[in-house]
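Enquirer: The task is simple: from the sequences and hints, build the whole structure.
2 protein chains.
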Amino acid sequence: MDNHKKFLQEAINLSITNVKEGKGGPFGAIIVKNNEIIAHGTNQVTMTNDPTAHAEIVALRNACKILQDFQLTDCILYTSCEPCPMCMGAIFWARPKSVYFGNTREDAAKIGFDDSFIYEQLALDPVKRLIPSYHLKNTHAQEAFDLWRETTTKILY
Amino acid sequence: MDNHKKFLQEAINLSITNVKEGKGGPFGAIIVKNNEIIAHGTNQVTMTNDPTAHAEIVALRNACKILQDFQLTDCILYTSCEPCPMCMGAIFWARPKSVYFGNTREDAAKIGFDDSFIYEQLALDPVKRLIPSYHLKNTHAQEAFDLWRETTTKILY
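Sequence lines, in order, name chains Y and X. The opening residue of the first sequence carries number 1 in my numbering; numbering runs sequentially from there. The opening residue of the second sequence carries number 1001 in my numbering; numbering runs sequentially from there.
Since the hints were derived computationally from the structure, they do not count as laboratory data. Among these hints, one or two may not hold up.
[To be verified] Simulated crosslink set (EDC-like; lysine to aspartate or glutamate; CA at most 16 Å straight-line):
#1 Y/K137 with X/E1106
#2 X/K1137 with Y/D107
#3 X/K1154 with Y/D146
#4 X/K1020 with Y/E21
#5 Y/K20 with X/D1107
#6 Y/K137 with X/D1107
#7 Y/K97 with Y/D125
Please read these numbers as outputs of a predicted model, since none were measured by experiment.
Expert: Shown next, in the form of structure tokens:
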């Protein structure tokens, strides 16, 4: 078995155990750096009342805590299922070098998970989505951005 | 000033204070239920080494903790800036009824935030993104999904 498949199997094992132990949805993820597993994550949405506690988010947050960094440079994420848009967005902010997954978003849709639907929704104009987002004009919102631009001591991320 | 603008101003105030106090990026958010603010969030990415700690995610997680629910039924999210794909994904999982924002993703791009870029990336084929995602076939990933389907005691989310 090649290395990628071996690490993916670890994430899959977590996804199976998570269902068997009744702890949440059928999803597991691990973060690997220098060929070593540095963090794990399983779906904890219902157990912790946290809709963001997807396996990938939990694994990313754990890995960042361990590395004491908000960037996952040179890390690889292995996840039992293709990440949903929330998790994929988190991946783009954490910036690991690549992702390997088992089940696809279509597989997830077949057992009732909305990933595929959310990808479609995000491609729509914000006001036309099922949860609409409205842009309010003539506010002071730009003030924070101006301050940010002028601040010389800020930590970029 | 109408109600939506009044609540959005609260989120904007948080975004301004966050920069002034050197605590993170220029973003703030609040969650409102029954015309009352139930939770706040500010960007805490660099302060907590958590790339997922965007104002909206922090506010959603705080609101869920307060309501002891993983769903934000009948809630409204007010955020100083249009949510990035990660936060928009989280919104679709937490399911508030609507979102109001001040700055746009284009405004965010102008001061160096990748939101707009990530929206473009997510629309691409996973293997063609700058952080590529690879689907490994012939794994046991489906096993967790089969187990989930067969489990009668699961909590749907």
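Enquirer: So, for every hint listed, does it hold in this structure?
Expert: Here's how the hints hold up against the structure:
{"no.": "1", "hint": "Y/K137 with X/E1106", "result": "14 Å, holds"}
{"no.": "2", "hint": "X/K1137 with Y/D107", "result": "12 Å, holds"}
{"no.": "3", "hint": "X/K1154 with Y/D146", "result": "48 Å, violated"}
{"no.": "4", "hint": "X/K1020 with Y/E21", "result": "46 Å, violated"}
{"no.": "5", "hint": "Y/K20 with X/D1107", "result": "46 Å, violated"}
{"no.": "6", "hint": "Y/K137 with X/D1107", "result": "12 Å, holds"}
{"no.": "7", "hint": "Y/K97 with Y/D125", "result": "30 Å, violated"}
Violated hints, in rising order: 3, 4, 5, 7; the structure is consistent with all others.
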